[in-house]
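Asker: If you read the protein sequences in the order shown, they are chains A and B. Counting along the first sequence from 1, when you hit position 166 you're at 183 in the working numbering, and nothing is skipped either side. Counting along the second sequence from 1, when you hit position 59 you're at 76 in the working numbering, and nothing is skipped either side.
Treat the hints loosely; a few may be bogus.
Since copy identity is lost for identical chains, a pair holds within one copy or between any two.
What the hints assert, rightly or not - Using 27 Å as the maximum straight-line C-alpha spacing, the simulated DSSO-like pairs for lysine-lysine come out as follows:
| id | residue 1 | residue 2 |
| --- | --- | --- |
| 1 | Lys272 | Lys220 |
| 2 | Lys222 | Lys272 |
| 3 | Lys272 | Lys215 |
| 4 | Lys224 | Lys272 |
| 5 | Lys200 | Lys222 |
| 6 | Lys272 | Lys34 |
| 7 | Lys220 | Lys335 |
| 8 | Lys98 | Lys49 |
| 9 | Lys127 | Lys318 |
| 10 | Lys335 | Lys200 |
| 11 | Lys98 | Lys123 |
If you are wondering where the hints come from, they were derived from the structure by calculation, not from laboratory data.
For reference, the chains in residue letters:
Number of protein chains: 2
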Amino acid sequence: MKNHQVRLAARPVGEIKRSDWQLTEDDVAQPKDGEFVVKVEYISLDPAMRGWMNDARSYIRPVAIGEVMRAGAGGTVIESKHADFKEGDIVTGALGVQEYAVTDGKGVRKVDTRIVKLPTYLGTLGAPGMTAYFGLLEVGKPRAGETVVVSGAAGAVGSVVGQIAKIKGCRVVGIAGGADKCKLLIDEFGFDAAIDYKNEDVKAKLKEHCPKGIDVYFDNVGGEILDAALARIAMHARIVICGAISQYNATTPVKGPANYLSLLVNRGTMTGIVVFDYVDRYGEAAREMAGWIAEGKLKAKEDVVPGGIAAFHDTLQKLFTGGNTGKLVLQVP
Amino acid sequence: MKNHQVRLAARPVGEIKRSDWQLTEDDVAQPKDGEFVVKVEYISLDPAMRGWMNDARSYIRPVAIGEVMRAGAGGTVIESKHADFKEGDIVTGALGVQEYAVTDGKGVRKVDTRIVKLPTYLGTLGAPGMTAYFGLLEVGKPRAGETVVVSGAAGAVGSVVGQIAKIKGCRVVGIAGGADKCKLLIDEFGFDAAIDYKNEDVKAKLKEHCPKGIDVYFDNVGGEILDAALARIAMHARIVICGAISQYNATTPVKGPANYLSLLVNRGTMTGIVVFDYVDRYGEAAREMAGWIAEGKLKAKEDVVPGGIAAFHDTLQKLFTGGNTGKLVLQVP
Chain A
18 MKNHQVRLAA RPVGEIKRSD WQLTEDDVAQ PKDGEFVVKV EYISLDPAMR GWMNDARSYI
78 RPVAIGEVMR AGAGGTVIES KHADFKEGDI VTGALGVQEY AVTDGKGVRK VDTRIVKLPT
138 YLGTLGAPGM TAYFGLLEVG KPRAGETVVV SGAAGAVGSV VGQIAKIKGC RVVGIAGGAD
198 KCKLLIDEFG FDAAIDYKNE DVKAKLKEHC PKGIDVYFDN VGGEILDAAL ARIAMHARIV
258 ICGAISQYNA TTPVKGPANY LSLLVNRGTM TGIVVFDYVD RYGEAAREMA GWIAEGKLKA
318 KEDVVPGGIA AFHDTLQKLF TGGNTGKLVL QVP
Chain B
18 MKNHQVRLAA RPVGEIKRSD WQLTEDDVAQ PKDGEFVVKV EYISLDPAMR GWMNDARSYI
78 RPVAIGEVMR AGAGGTVIES KHADFKEGDI VTGALGVQEY AVTDGKGVRK VDTRIVKLPT
138 YLGTLGAPGM TAYFGLLEVG KPRAGETVVV SGAAGAVGSV VGQIAKIKGC RVVGIAGGAD
198 KCKLLIDEFG FDAAIDYKNE DVKAKLKEHC PKGIDVYFDN VGGEILDAAL ARIAMHARIV
258 ICGAISQYNA TTPVKGPANY LSLLVNRGTM TGIVVFDYVD RYGEAAREMA GWIAEGKLKA
318 KEDVVPGGIA AFHDTLQKLF TGGNTGKLVL QVP
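Sequences and hints are given; from them, build the entire structure.
Answerer: The following block contains the structure:
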C-alpha cells in the first residue's frame with residue numbers, strides 16, 4: 018500500500034511557490050506496538066501553516082526541510098496495535114499532509130460523526146473553533162451590549178468569533194473581502210453589519226457601524242485593518258491578536274500598528290492568543306459549541322476542496338487570496 | 018501686581034518652535050469668593066505637554082490657541098477667599114505656565130514640605146511618580162524574581178519605575194541615553210543593568226541582560242526601542258504603554274511596533290495607562306512612596322532649572338533632546 022506525502026522542500030521567501038513543496042511516495046509503514054494507522058480523509062488548511070514554514074522562533078518549532086508538512090487532519094483507523102484505538106475509529110489530530118499516518122496517538126482524539134460531520138471537527142469543533150472560543154471569551158471578555166468587531170470574518174476563526182459574540186448578546190461587525198462574503202456574514206451568520214474591505218473605506222464604515230466605539234476587536238489580519246480598528250476603539254477596549262494574514266507573505270518588515278498609542282488614550286489592551294494553551298479545556302468548549310450547533314445558534318461552514326494532496330499547494334493559496342469562505346479543508350479521495 | 022504667562026500661539030508641526038508660544042502680561046486677577054491666588058514657584062515640564070498642543074482626540078482636551086499652557090505647578094497661597102486654603106499654604110495642581118494662578122481649588126492639594134521638598138511633589142510624589150506606581154504595579158504586575166525593563170529610565174517616570182521594581186524584588190534593566198545617565202541608574206537608583214541606547218546595540222544588550230526574557234516592559238519612548246523589547250519578551254509578558262517620546266515630534270506617521278506579533282508568540286499583553294484614572298488612589302500611593310523615600314529605598318531626583326517662565330521654551334526642549342536627568346522642573350523666581 019503506497020502513501021503519498023507533501024514535504025517541505027524549501028523555506029519560502031514571500032509567497033509560497035510550488036517548488037517549496039516536494040511530493041513524495043513510500044510504502045505505508047507497519048504500526049509498531051502502541052501505534053495505529055489512519056487513512057486520512059480530510060486535511061485542515063490554515064493560515065498558521067505559513068508561519069510553520071519559516072525558520073524562526075515561534076510558539077511551535079518550524080517544520081524541518083524534508084519533513085512531512087504539519088497539518089491537522091481527520092480520517093479512519095485502518096489498523097491498530099494501540100489499546101485505545103481500534104479499526105474503524107474516526108479520529109482527528111496533527112496527522113500531516115499525507116494519505117496515511119502512523120501515529121502513537123499523541124494529540125489524536127476520537128470523534129463522533131453521527132451528528133457532526135468530520136470536516137467540522139477540523140473547523141468549528143477543531144483548532145479554529147477553539148481559537149475563536151477561547152480567544153473571544155477568555156481574552157476579549159465581551160459583555161452583552163458591547164460592540165465586537167472581527168476581521169477575517171468569513172474565515173474559519175472569524176465566522177465562529179462573530180457567532181459566539183452574537184450568542185453572548187453583543188453587537189457584531191465583521192470585516193471581510195467582497196460583497197458575497199459580507200452578505201453571508203449577515204444572512205447566514207447573523208452579524209449585525211459587515212464591511213467589505215476590498216470595496217469600502219474600512220475606517221469610515223467602522224465609524225458608521227460602531228457609533229460608540231469598538232469594545233472588543235478580534236484581529237486575524239493585521240496591517241491597515243488593525244490600524245483602522247485601533248483608531249476606533251472604545252475606552253478599555255480589548256484587542257485579541259490571533260493572526261496577521263496580511264503580513265505573512267511580506268518580504269519587507271511587518272507593518273506595525275501605527276495607531277498603537279490609541280491603547281494609551283483609551284486605556285486599551287492588546288493581547289496575543291495561541292490556542293494550544295487551552296488544550297486541557299477543548300472538551301468543555303467542544304461540548305458547549307456542539308450544543309449551540311444542535312440548537313441552530315452556531316453554523317459550521319466548511320469549504321471542502323476535492324483533489325487530494327496533489328491539490329495541496331493550489332488549495333492553500335485560497336487562504337492568502339481570500340478564495341475560501343469558512344473552514345478550508347482538502348479532501349483526500 | 019503683574020502676572021506673566023506662556024500661552025499657546027500656534028499648533029506645532031514636528032518640533033516645537035519658539036514662535037508656537039506667546040509670552041503675555043496682565044494684572045493678577047482678584048480672587049472671587051471661593052477662589053485663591055497662588056504664587057507659582059515650580060512648574061512641571063512633561064513629555065505629555067507635546068500631545069496637549071495637538072488638536073487631536075486624546076485622553077484630555079487640547080490646549081486652545083491663546084490659552085495659558087497647561088502645566089502642573091507648585092507654589093504658595095498669597096491671598097484666599099476659599100474656606101479650605103489659607104495664605105501661606107503650599108499647594109500643587111494644574112496651575113499652568115504662569116507666575117500667579119487664580120483657582121477655585123479644583124485638583125489643587127496642600128502638600129507638606131517639611132520633609133519632602135516642593136519639586137518632589139511635581140515628580141516622584143506627583144503625576145510622574147503616580148504614573149510609575151500605578152502603571153508598574155497595576156498594569157505591569159511584577160512578581161519578585163521577574164525581569165523588568167524600563168525605557169526613558171533616567172527620566173521622571175522611568176527612574177521611579179525602576180526603583181519600585183527593585184523594591185518589589187525584581188531584576189531591573191534601564192534604557193537611557195548616554196554613559197552618565199547609565200552610571201546614575203546603577204550607582205544612584207540601584208538598577209541591576211543599564212543600556213545606553215545612544216552608544217550600544219539595544220537588542221544585543223537586552224539579550225545579554227535579560228537571559229530569561231523580559232517579564233515586564235514599561236515603555237516611555239516607543240519606536241525602535243519598543244521593537245527591540247518586543248523581540249525579547251518572555252512568555253506572558255506585560256508591556257505597559259506609558260508614552261512614546263521618540264514619536265511625539267514626528268511629522269511622518271508614527272512608527273508602529275513591527276514586532277507586535279511577539280505578543281502572539283509569547284501570549285503577551287500590551288496595555289495603555291493614563292494616570293488620571295487612579296486619582297482617587299493618589300493619597301495611598303503618595304503615603305507608600307513617602308515611606309520609601311524616608312527609608313532611603315526610593316530616591317527622588319529633580320533637575321531644577323532656574324530662569325522663570327521666559328526660559329520655558331528652551332527648558333522644555335531638554336525633554337526631547339535627552340538633556341534632563343530625573344524630573345524636569347522650571348523654577349520661577
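Asker: State for each hint whether it applies.
Answerer: Consistency of the hints with the structure:
1. Lys272 to Lys220: both (17 Å within a copy, 19 Å between copies)
2. Lys222 to Lys272: Both ways: Lys222 and Lys272 sit 22 Å apart in one copy and 25 Å across, limit 27 Å.
3. Lys272 to Lys215: both (19 Å within a copy, 25 Å between copies)
4. Lys224 to Lys272: both (23 Å within a copy, 24 Å between copies)
5. Lys200 to Lys222: within (15 Å within a copy, 52 Å between copies)
6. Lys272 to Lys34: within (23 Å within a copy, 31 Å between copies)
7. Lys220 to Lys335: within (26 Å within a copy, 37 Å between copies)
8. Lys98 to Lys49: This pair counts as within: shortest intra-copy Cα distance 7 Å, inter-copy 92 Å.
9. Lys127 to Lys318: within (21 Å within a copy, 64 Å between copies)
10. Lys335 to Lys200: Answer is within: at 19 Å inside a copy they meet the 27 Å cutoff, but 55 Å across does not.
11. Lys98 to Lys123: within (14 Å within a copy, 78 Å between copies)
When the structure is compared with the earlier hints, no violation turns up for any of them.
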